[in-house]
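The residues making up each chain are set out below.
Number of protein chains: 2
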Amino acid sequence: MHITQFTDYALRALIYLGTNDQRRVTIQEIAERFDVSRNHLMKVVNELIRNGYAEGVRGKGGGLRLARPAGEIVVGEVVRRMEPGMELVECFGSGCKCILDPECQLKFALSRALSAFLAVLDELTLADMLGEQEEAVLRLAPVPVRRKTKRLAAAGG
Amino acid sequence: MHITQFTDYALRALIYLGTNDQRRVTIQEIAERFDVSRNHLMKVVNELIRNGYAEGVRGKGGGLRLARPAGEIVVGEVVRRMEPGMELVECFGSGCKCILDPECQLKFALSRALSAFLAVLDELTLADMLGEQEEAVLRLAPVPVRRKTKRLAAAGG
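Protein chains in written order, with the working numbering: chain A, 1 to 157; chain B, 1001 to 1157.
Just so you know, these hints were derived from the structure itself, not from any lab. The model shown is predicted, which means the values in this text are computed figures rather than measured ones. Any given hint could turn out to be false.
Computed footprint of chain B on chain A; a stretch qualifies when at least three of its residues, placed anywhere within it, have a C-beta under 8 angstroms from a C-beta of chain B [claimed, not checked]:
id	segment
1	9-22
2	50-57
3	118-128
Some chain B residues judged to face chain A by a derived CB distance under 10 angstroms, without partners named [claimed, not checked]:
id	residue
4	Leu1011
5	Leu1041
6	Lys1043
7	Leu1106
8	Ala1109
9	Ala1113
10	Leu1118
11	Met1129
To list a few chain B residues with every Cβ distance to chain A over 10 angstroms, as calculated [claimed, not checked]:
id	residue
12	Arg1012
13	Met1042
14	Asp1128
Glycine included, every Cβ here is placed at the ideal spot set by N, Cα and C.
Extracted from the complex, chain A is given alone in its bound form:
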């Protein structure tokens, strides 16, 4: 289970800009700090700029900065915008040829699970990623851990 490296670097670049908000940061600097190709990071940063999360400042002392306060950048929204496709499995795509489709319920189950995944990230902003772990984690609703097999066993099934 993965999110793309593209989204991973987008989130990390935002965190880096957020933790260095008192100064401008260059793409070269981020690329060196994360040991990632400058070309790859350039594409990531362009997407962050296009989506209004970061902005470039020209001239001496120029560089990148957040385009809005960290508290207004919702993590779930960043993930939705950066992921090239939210196609968890083949049958999410338009070209699905799976023989189980359209009777198969797997797609609906995974869609629902994906919504639950994103709902948690919709509760968090970039500000929460910048060092207030306890507060952020405490604010999140607990995730219920229930296993149907256990319920069945308890019911004598």
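Go by the hints and put chain B onto chain A.
Leaving out everything else, chain B in the frame of chain A:
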């Protein structure tokens, strides 16, 4: 955002076995129906057998079948067991060299989101994947859709 093809095929193979529970199914048949390499599917099926989800029946009329009732095979558990790693991003792994670690809260946020993802699938069994869509979907708790930015805007932020 993806689950691995390995897990995708594991789930689909289980669904295929579940929908053909009145007879034995060969690996060759599943490979042909899903248009996937027999070798790849063999590895998937071996994992399903090793984890007690499927079993092979030898001899004439032999083949694969579910090793337990579909209602006792929890989808979330299958995903956990089939995914080679639940490492959503690099920093989930043991070899993480990210400069943001250990201050970064992203890992905690994504862990929580992943738990929410799996909690939905823990509510569903293979039986729910076999054609009772409405019931299965109705039984799931609604996923809250809340965006912090909207709350901020409503509060005049």
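Output the numbers, in ascending order, of every earlier hint that fails for this structure.
Going through the list in order, the structure violates hints 2, 5, 6, 12, 14 and respects the others.
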